[in-house]
Each structure stands twice: as structure tokens, then as C-alpha cells.
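Once you have looked at the hints, place chain B on chain A.
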Amino acid sequence: MNATEAFVPLVGGLLIGAAASGLLLFNGRIAGISGIVAGILPPRGAEARWRLAFFLGLLVGGTLLRFTDPAVFGEPTRSLPALAVAGVLVGMGARIGNGCTSGHGVCGLARRSPRSLAATATFMATGAITVYLVDHLLARAF
Amino acid sequence: MPLISAFVFGVVFALGLGLGGMTQPARVIGFLDVAGRWDPTLLFVLGGAVTTSFVLFPVILRRGAPVLGPRFVMPTRTRIDGRLLGGAALFGAGWGLAGYCPGPAVVSLVAGTPATLVFVVAMGLGLVLGQQLSGEGR
Numbered sequence: 063m064n065a066t067e068a069f070v071p072l073v074g075g076l077l078i079g080a081a082a083s084g085l086l087l088f089n090g091r092i093a094g095i096s097g098i099v100a101g102i103l104p105p106r107g108a109e110a111r112w113r114l115a116f117f118l119g120l121l122v123g124g125t126l127l128r129f130t131d132p133a134v135f136g137e138p139t140r141s142l143p144a145l146a147v148a149g150v151l152v153g154m155g156a157r158i159g160n161g162c163t164s165g166h167g168v169c170g171l172a173r174r175s176p177r178s179l180a181a182t183a184t185f186m187a188t189g190a191i192t193v194y195l196v197d198h199l200l201a202r203a204f
Numbered sequence: 012m013p014l015i016s017a018f019v020f021g022v023v024f025a026l027g028l029g030l031g032g033m034t035q036p037a038r039v040i041g042f043l044d045v046a047g048r049w050d051p052t053l054l055f056v057l058g059g060a061v062t063t064s065f066v067l068f069p070v071i072l073r074r075g076a077p078v079l080g081p082r083f084v085m086p087t088r089t090r091i092d093g094r095l096l097g098g099a100a101l102f103g104a105g106w107g108l109a110g111y112c113p114g115p116a117v118v119s120l121v122a123g124t125p126a127t128l129v130f131v132v133a134m135g136l137g138l139v140l141g142q143q144l145s146g147e148g149r
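Which chain is which? The protein sequence lines are A and B, in order. Residue numbers for the first sequence follow this note's numbering, so the first one is 63 and each next one is one higher. Residue numbers for the second sequence follow this note's numbering, so the first one is 12 and each next one is one higher.
A couple of the hints might just be wrong.
To be verified - Restraint ranges, calculated between C-beta atoms of paired labels, are given here: (1) A:P105 <-> B:L120: 49 to 59 angstroms; (2) B:R88 <-> A:L200: 28 to 38 angstroms; (3) B:R73 <-> A:P132: 40 to 50 angstroms; (4) B:I15 <-> A:L199: 43 to 53 angstroms; (5) A:T130 <-> B:R90: 14 to 24 angstroms; (6) A:A187 <-> B:L144: 20 to 30 angstroms.
Calculated from the structure, these hints are not laboratory results. Just so it is clear, CB atoms sit at the ideal spot from N, CA and C, and this is done for glycine as well.
Isolated chain A, as found in the complex (with noise of 0.2 angstroms):
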């Protein structure tokens, strides 16, 4: 690892954090994607309108980088229906445990949530599990 192997992750970071700060300090709101997505998702709930702004955001950041740094963008690396079923499970288990990797994961920790703690480890660990499960307990075996 290089110094500019974790430079740029690291301004990415820093980048992320201002972007959940701003987000308290003006609109109020936790950061939150998998939150935000889901709002702007049927059911409709009341506050679709700031979720589909930064939805929006999120698109046109997207958009931006496709223009000036199009190497930040990697291809999927499993089959399709492993990337079907992984969707449903990260929509699936982020609904039902409340968050995801930003919610929990930054937002969550920021706040010193103790219960975003716990859900940052178990989906940390699961991930580690899962690759391990995938990449070499499988890979082995085929």
C-alpha cells in the first residue's frame, strides 16, 4: 500500500463524513441510504421530497465522476443471479435492522449509537463470512 492508496480513500472519507454532517446541520436528517432509498419507494411516506432531492444527488455525483474519473467506477465481479439475490438480501436485512453501511455504519457511530454499533460488527462479520464462504470455502470446492 502506497501513500496514495489511502490518500484518496481517505478524502473520499472525509468527503463522506462532510456530506452526513452537512446533511445534520441543514435538513436535520440522518444520512442514511438505504433509508432514503426506501422512502422514495412505494409506500410513499411524507418526506419522499428531501429523499428524492439527495437521491437525485447521488446520481448526479455519480454523473459527474463518470465525466472527470471513469476508473472509479468497477464492474460487479459475481454472476447475475448472485447479484440478484445479494440486492434482495442488502434491501432486505437493511429495512429489517433499520440501516446499512452509512446509517449504521457512519451516522450511527457518529451519534455513539449502541445499537448501530452492534449492527456495524454483526454486518462487518457476515460480510467477512460470506466472502470467505464464496471466495474460498466454495472457489475450493468447484
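Frame of chain A, contents of chain B only:
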């Protein structure tokens, strides 16, 4: 004004995810691959994001209200229960399987890769399903 502000912070959030490397599923999987060729660089994304907000959140919350709204809307649940841990466990399994969590997947939509679209559509379905399973309104 609150809509413009939410939009702007969405843009900044997306730039952070992209620069951070979170929109590269192979790197996320590498970060979670602690028993293999572990790629620690994403620790800097998480570290940077958590440290910034960890320092700023208490300062911001010391204000009585946000700049553009009547009050701070914060999560109210405090119990660590099976639902929280079960949901987080499912979430982590999906995250490790795909290498995408919700934010980076949405941001990556603009790259136009069909596989990303498959993940995001499935995620939307999962969100709606999870909402019904947990049986709560918003």
C-alpha cells in the same frame, strides 16, 4: 431550500463514495476478505467518514435546530434485539456477496453496467419486502 441542500449533500456523498473506492465491488470484497488477500485501503474511507462525523455531529446537535428545519429527526430505537442483528446479518451477507452496499450501488447506476442495475432493482424489491416484513409505516 431544504431540497437544494439535500441535493448538494447527495452530490458530495456520491463523490466521497466514488473517490473512496466504494464503487468498486472487487475492492469492497477485497476489504472483507480478511482470510485471503486483505485490502485494507477501505479502512481509510470508513475511518475518514466516521472520524469527521464523530467530531462534527455533537457540535451540530448542540444547536437547538438544523439551519433549514424545525428540528433534528433522530432514530429513536435503542434496543439491541434480534430484529436489528438479524437484519444486519442479512445485510452483511448481501454486501459480501455483491461487494455493493446501497449508496455505491445507486451511484454506480450512471456507469450503465447492466449487472449494477440488476443489483439495484433487486435491492429495491428487498427494501419494499423488508418494509412489509417489519410491518411498520414510515
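Here is how each hint holds up against the structure:
no.	hint	in the structure
1	A:P105 <-> B:L120: 49 to 59 angstroms	violated (23 angstroms)
2	B:R88 <-> A:L200: 28 to 38 angstroms	holds (36 angstroms)
3	B:R73 <-> A:P132: 40 to 50 angstroms	holds (41 angstroms)
4	B:I15 <-> A:L199: 43 to 53 angstroms	holds (49 angstroms)
5	A:T130 <-> B:R90: 14 to 24 angstroms	violated (44 angstroms)
6	A:A187 <-> B:L144: 20 to 30 angstroms	holds (22 angstroms)
Comparing the model with each numbered hint stated earlier shows that hints 1, 5 do not hold.
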